[in-house]
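Q: Protein sequence lines correspond, in order, to chains A and B.
Residue 292 in my numbering is what sits at position 217 of the first sequence, and the numbering runs on without skipping anything.
Residue 288 in my numbering is what sits at position 69 of the second sequence, and the numbering runs on without skipping anything.
Treat the hints as calculated values from the structure; they're not laboratory data.
Mixed in with the good hints, there may be bad ones.
Claimed, not checked - What follows is a list of derived Cβ distance ranges for each label pair:
#, chain 1, residue 1, chain 2, residue 2, range
1, B, G548, A, R88, 28 to 34 Å
2, A, R117, B, W558, 51 to 57 Å
3, B, A443, A, R184, 49 to 55 Å
4, B, R267, A, R117, 31 to 37 Å
5, B, L494, A, I99, 28 to 34 Å
6, B, A443, A, K277, 55 to 61 Å
7, B, I540, A, Q296, 21 to 27 Å
8, B, F557, A, V122, 47 to 53 Å
9, B, I540, A, T275, 36 to 42 Å
10, A, T275, B, A443, 51 to 57 Å
All C-beta atoms in this analysis are idealised placements derived from N, C-alpha and C, irrespective of residue type, glycine included.
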Amino acid sequence: MSTYFTRFTVRQRTEHVLVMSLFILLSVTGLPQKYFEAPWARWMIDVLGGIDRIRWFHRAAGLSFTAMTAFHLMFAIGSVASGRSPLSIVPNRKDFTDAIQTLQYYLGRAEAPAQFDRFDYRQKFEYWGLVLGAVVVISTGLILYFPILFTRLFPGELVPAAKVAHSNEGLMAFLVVILWHIYNAHLNPDVFPFDKTIFTGKISLERMHHEHPLELARLKQIQDIEEP
Amino acid sequence: MLLTFFLTTLLSMPPSQATPPASPDVDTCLGCHSDRSMAVTLPSGETRALYVDLDAFRKSVHGNKLSCTDCHQDMTSVPHDARPFTTKRDFTLAYYEQCKRCHFANYTKTLDSVHFKALERRDRMAPTCVDCHGAHDIAPPHRPKARLSQTCAHCHEGVFAVYAKSVHGRFLEKSDDVPGCTDCHRSHDVAGPRDVNWQKRTPELCSACHADKALMKKYGLSTAVTQTYVADFHGMTASLQGAGTPRESSVVALCTDCHGVHDIAKVNEPGSRVLRANLVKTCSRCHEGASENFPAAWMSHYEPSWEKAPLVYGVQLFYDILIPFMMAGLLLQILLHFWRVVVNR
Numbered sequence: 076m077s078t079y080f081t082r083f084t085v086r087q088r089t090e091h092v093l094v095m096s097l098f099i100l101l102s103v104t105g106l107p108q109k110y111f112e113a114p115w116a117r118w119m120i121d122v123l124g125g126i127d128r129i130r131w132f133h134r135a136a137g138l139s140f141t142a143m144t145a146f147h148l149m150f151a152i153g154s155v156a157s158g159r160s161p162l163s164i165v166p167n168r169k170d171f172t173d174a175i176q177t178l179q180y181y182l183g184r185a186e187a188p189a190q191f192d193r194f195d196y197r198q199k200f201e202y203w204g205l206v207l208g209a210v211v212v213i214s215t216g217l218i219l220y221f222p223i224l225f226t227r228l229f230p231g232e233l234v235p236a237a238k239v240a241h242s243n244e245g246l247m248a249f250l251v252v253i254l255w256h257i258y259n260a261h262l263n264p265d266v267f268p269f270d271k272t273i274f275t276g277k278i279s280l281e282r283m284h285h286e287h288p289l290e291l292a293r294l295k296q297i298q299d300i301e302e303p
Numbered sequence: 220m221l222l223t224f225f226l227t228t229l230l231s232m233p234p235s236q237a238t239p240p241a242s243p244d245v246d247t248c249l250g251c252h253s254d255r256s257m258a259v260t261l262p263s264g265e266t267r268a269l270y271v272d273l274d275a276f277r278k279s280v281h282g283n284k285l286s287c288t289d290c291h292q293d294m295t296s297v298p299h300d301a302r303p304f305t306t307k308r309d310f311t312l313a314y315y316e317q318c319k320r321c322h323f324a325n326y327t328k329t330l331d332s333v334h335f336k337a338l339e340r341r342d343r344m345a346p347t348c349v350d351c352h353g354a355h356d357i358a359p360p361h362r363p364k365a366r367l368s369q370t371c372a373h374c375h376e377g378v379f380a381v382y383a384k385s386v387h388g389r390f391l392e393k394s395d396d397v398p399g400c401t402d403c404h405r406s407h408d409v410a411g412p413r414d415v416n417w418q419k420r421t422p423e424l425c426s427a428c429h430a431d432k433a434l435m436k437k438y439g440l441s442t443a444v445t446q447t448y449v450a451d452f453h454g455m456t457a458s459l460q461g462a463g464t465p466r467e468s469s470v471v472a473l474c475t476d477c478h479g480v481h482d483i484a485k486v487n488e489p490g491s492r493v494l495r496a497n498l499v500k501t502c503s504r505c506h507e508g509a510s511e512n513f514p515a516a517w518m519s520h521y522e523p524s525w526e527k528a529p530l531v532y533g534v535q536l537f538y539d540i541l542i543p544f545m546m547a548g549l550l551l552q553i554l555l556h557f558w559r560v561v562v563n564r
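For reference, chain A alone in the conformation it holds in the complex (with noise of 0.2 Å):
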């Protein structure tokens, strides 16, 4: 019987399956708008009743998904502003460190790879990443949802250039996702064929020692720690 600990709560748990399944239903009624003259595209078009059922489905998708990062925007800087974040997903210049001293690991140069606290560089990366695209694909949104409101105050330029960047960023966020965290959710050999911990929010403590060595040692100093 190994040692389980509690990495991610209920919240951090729901929010991941709401945003993976937000994602997915944005992505599969985004990514063939801006397709739309491929044949692939045509044929989901058709498939999912239509341009304008699908943009329906796109635009409520979307709404959702502003609802959701702005009540997860609003509990961090609640938690934070109270003072009980830990602040561990914080970027620091560790994680430059971190990054560089495991790439050269990689590569051979280097003895070990770095060790990382509750979160690494990568995971730190791609919550960020999410965030500031949300940020992106959601202001961008509003603003091709609402353009006559838009236009009253800004420039009309604005709009056709947030077409452009709403579309980009929808599409690497796609490409991240369906390479990056594919890989290290599932196809990574260290986790493969899939890594449970969002959807259970634990992690054995062997995985505690392999993957976040300094977390280990600071919950050592403030709990017993039964080693097997």
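For chain A, the structure is supplied; the task is to place chain B on it using the hints.
A: Only chain B this time, still in chain A's reference frame:
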């Protein structure tokens, strides 16, 4: 053996220039119908002239091909049997189908026309073959090309007057390049303005000329209009809507919604709907509450460039660089990690 069979078959075939079955020649009919005063008064009180202008007939497209009874088939006895017609229109409506015996393809097309739909609704004034082509004096309808549109103008006076002032109509008689009525509405299967499936083909209709590089070069016009339209919200929607869905289900701007229909003007003419000064009004027809800034949300058929839309161009360039850079970096890290795992094992 085969050759013998072939030759026998060939020789037994009737000569190709068969003499037509005996029928009264034109001169027989004109024995009476060359009388200019010949006429009949119908029960409606209308007078129907029975005089035939032989000169006009001989000059017509049928002049050396048909004789009277080819069309007037039922005129078999002299004097002719009494006819049941009470008005002149009765006579026209009863006879126009004579044309289909030879012109079957075009006749069939007319069955899909807005004119035939009117006829089906018992609109007795709906035009039939002879109303556009004439009867005894039929000439090629498109020589000169302007004649086609002038034919439509006989009934559609109001529309023609508007069209005649448009950028197309002004040059109708000077150039065969500009579209006349039938170029958009077609000729035999004439499309009416409320034909949804035809309306949806508007971008295609306009593109027939406006995407033609050689033709547009003559007038210094851009052929990017179609691609830039399709690339934006309106054109994308239009290109994706199935032909069957009614237009009302999702209102989308077609070429004519911004540029006008029969009154299409040059883009830089004072009356043009797409002139900068008029744009807010044009956009507001659909986008209620549009402000002065709103029309710039549409790039006026320009491709984004540093000169025309620097912000749009810049954002696109940014992502064109960022996306490959990002993906290459991530892929490299994945490959290195994977390689390290394999080496360590």
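Q: Are there hints from earlier that the structure breaks, and if so, what are their numbers?
A: 2, 4, 5, 7 and 8
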